[in-house]
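Novice: Sequence:
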Amino acid sequence: METAMVSLRSMFDQLLRQVEVLNEGIEPQFIQLAKNFEECRRKWQKTELELAHAKERLTKTETERGALDVKLKHARNQVDVEMKRRQKSETECERLERQIQLIRELLIAEGSVSIQLNEEQKSALAFLNPKGSNSNGQTSQRRLSTIDESASILSHSDISYDKTDDSLDWDSSVVKTSKLKKREKRGNDSIIAKTTLTLPNDGGPIEAVSTIETVPYWTRSELSSGLAMKQFVGILFSSFPATDQVIKPESCVPCGKRIKFGKLALKCRDCRVVSHPECRDRCPLPCIPTLLGTPVKIGEGILSDFTSHTPPMIPSIVVHCVSEIEQRGLSETGLYRISGCDRTVKELKEKFLRSKTMPLLSKIDDIHAICGLLKDFLRNLKEPIVTFRLYSAFVEAAEISDDDNSIAAMYRCVSELPRPNRDTLAFLIIHLQRVAKSPKCKMDASNLARVFGPTIVGYSSPELDPMSMLRETKQQPKVVERLLSLPVEYWSQFMMVEQENTNPMQVIENCNAYCTPDLKVSMLGPLTTPEHQLIGKTPSSSSLSARVKSSLTRTTPK
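Residues 1 to 558, numbered by full-length UniProt numbering, are exactly what the sequence shown covers, in order.
Just so you know, not all the hints are guaranteed correct.
Stated by the list, open to error - When the alpha-carbon atoms are kept at most 25 Å apart in a straight line, the in silico SDA-like pairs for lysine to any residue are as follows:
no. : residue 1 : residue 2
1   : Lys88     : Cys255
2   : Lys437    : Asp404
3   : Lys248    : Thr473
4   : Lys35     : Gln14
5   : Lys442    : Gly453
6   : Lys263    : Asp376
7   : Lys349    : Arg258
8   : Lys248    : Glu105
9   : Lys84     : Ser339
10  : Lys437    : Asp376
11  : Lys363    : Arg258
12  : Lys382    : Arg258
13  : Lys375    : Asp305
14  : Lys73     : Arg85
15  : Lys257    : Lys363
16  : Lys478    : Glu383
17  : Lys351    : Leu264
18  : Lys346    : Leu264
19  : Lys43     : Leu22
20  : Lys375    : Lys263
What the hints assert, rightly or not - Label pairs and their calculated CB-CB ranges:
no. : residue 1 : residue 2 : range
21  : Gln78     : Ile100    : 24 to 34 Å
22  : Thr333    : Gly262    : 46 to 56 Å
23  : Gln87     : Ser446    : 52 to 62 Å
24  : Lys382    : Met83     : 33 to 43 Å
25  : Arg379    : Thr333    : 15 to 25 Å
Hints listed in this document are in silico derivations from the structure and should not be mistaken for laboratory results.
Only a predicted model underlies this, so the values are computations on that prediction, with no experimental measurement involved.
The beta-carbon is built from N, C-alpha and C at its ideal position, and this holds for glycine as well.
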């Protein structure tokens, strides 16, 4: 009974507490909630207004940006127009300069010795004087001596100063020198004509004094001097630099300085290298004739597009790169493995394949950039050196397990290559054999094969699926390793050239020349059999490879 009473009492107390809670007023809390909602509404409204203003500013900014883009486009077009106008003006200026030069030469030519000019005519033609006049419009009053110039292929400094006309004033006498008249060659001599014209002060007849002399021709060739290249680069081509006066300013290849108007300059008739007469000893060698044309896209033709028509048919860029690498790079660790500066490689490639002059690689400090240039040139050819047609034959020859049969098959594949590809391959393999023998380079035949596999061997087709490309990538080093294992005597026979009409006495010293071979000589220099013998098994004279080699090398396919 008591328990029931306690339970009822607790329930009654709980009921009273709930009644008190319900009777207590909470209006202030509801009022505060309403105020909070109102504040949020105002903030939301303010944010909406700011968003609208921001959208307006964005629209206005985009409109202004569009207007500025249009102005920038017009400005760029105007700059292009002005650049074209400037180029056109410069071209017109050069054309007028050439016309003035022609007029000057016409007035002082031998056929014009009878022309009589009065003072008014002389004053009107005073602008033809390369020295010009003073700022007052009056000619200078100082006296000048007669200048006797002669330009020939014999000398670079045939300028003499004659003191016979000191009594003539500059405003009434203009002394010129006639342009060199080239004569036909007779034997080993050349005929040089010099003409000195004098315009008298009293307006009398023009006096002309001509002298003719016969002197031997000057011949440029390479002279042996050096260590690293002593057995490497021979005389590839005989070149005959011609001396001429500069009309259009050009740059000297060895020193990089500009050759001023009217100065004497040497230009090689084969490789078109231009230099000061005093810089001729530092011209890049060997001298290789300039190509008649290059592919449309730089460096993307076939190998024969970059070679001359006379053996050995090797691109000049390959010869110059290998020459510089063997001179300076055989002591560099990781040669051909370390990449050079891409920008330098691109600039050098442009100069080699697009420029009219040959760049001087000795000025490039980074030898790895020159290595990169060589690899980039060979890699970007439309067809690899071993050609698409013979790719399978080279791979099959390299995968033959028997050494004698493999070497014999490799000899046969090499003999079927086109002449430019075969000569270039021989040139590169002998170079890579030297690199492999250099202990400082730390690049053995296996490492070089991995580097030059994609470069020399390439792929069987210009368009391959990924799986075929992966499979052929594994085959490339095997071919290069087998090519590197062939004896150097085999490769050197492709470098043999006949040096006809070469007079050993008519050579000049050049710091870029490294050897002067005999009349029949390998462009890679003399060979020593013990150092270049094949490491490992050497086939006997009765072996299959020896017999194939002897039969394939008796006649050289063109």
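Novice: Are the hints correct? Go through all of them and say.
Specialist: Now the hints, each set against the structure:
1. Lys88 with Cys255: violated (30 Å)
2. Lys437 with Asp404: holds (23 Å)
3. Lys248 with Thr473: violated (50 Å)
4. Lys35 with Gln14: violated (34 Å)
5. Lys442 with Gly453: It holds: about 18 Å lies between the C-alpha atoms, which stays within 25 Å.
6. Lys263 with Asp376: violated (38 Å)
7. Lys349 with Arg258: holds (22 Å)
8. Lys248 with Glu105: Distance of about 15 Å is within 25 Å: holds.
9. Lys84 with Ser339: Violated, at roughly 39 Å.
10. Lys437 with Asp376: holds (24 Å)
11. Lys363 with Arg258: With Cα atoms ~17 Å apart, Lys363 and Arg258 stay inside 25 Å; holds.
12. Lys382 with Arg258: Violated: Lys382 and Arg258 sit about 37 Å apart, past 25 Å.
13. Lys375 with Asp305: Given that 25 Å is the threshold and the Cα spacing comes to 17 Å, the pair holds.
14. Lys73 with Arg85: holds (18 Å)
15. Lys257 with Lys363: Status holds; Cα separation ~14 Å.
16. Lys478 with Glu383: holds (19 Å)
17. Lys351 with Leu264: Between Lys351 and Leu264 the Cα gap is close to 24 Å, so the pair holds against 25 Å.
18. Lys346 with Leu264: violated (32 Å)
19. Lys43 with Leu22: The given pair, whose Cα atoms are some 35 Å apart, is violated under the 25 Å limit.
20. Lys375 with Lys263: Given that 25 Å is the threshold and the Cα spacing comes to 39 Å, the pair is violated.
21. Gln78 with Ile100: 24 to 34 Å: Taking Cβ atoms as reference, Gln78 and Ile100 lie about 32 Å apart, which means the hint holds.
22. Thr333 with Gly262: 46 to 56 Å: Given about 50 Å between the Cβ atoms, the range holds.
23. Gln87 with Ser446: 52 to 62 Å: holds (53 Å)
24. Lys382 with Met83: 33 to 43 Å: holds (34 Å)
25. Arg379 with Thr333: 15 to 25 Å: At roughly 23 Å between Cβ atoms, Thr333 and Arg379 fall inside 15 to 25 Å, so the hint holds.
This entry does not satisfy hints 1, 3, 4, 6, 9, 12, 18, 19 and 20, going by the numbered hints stated previously.
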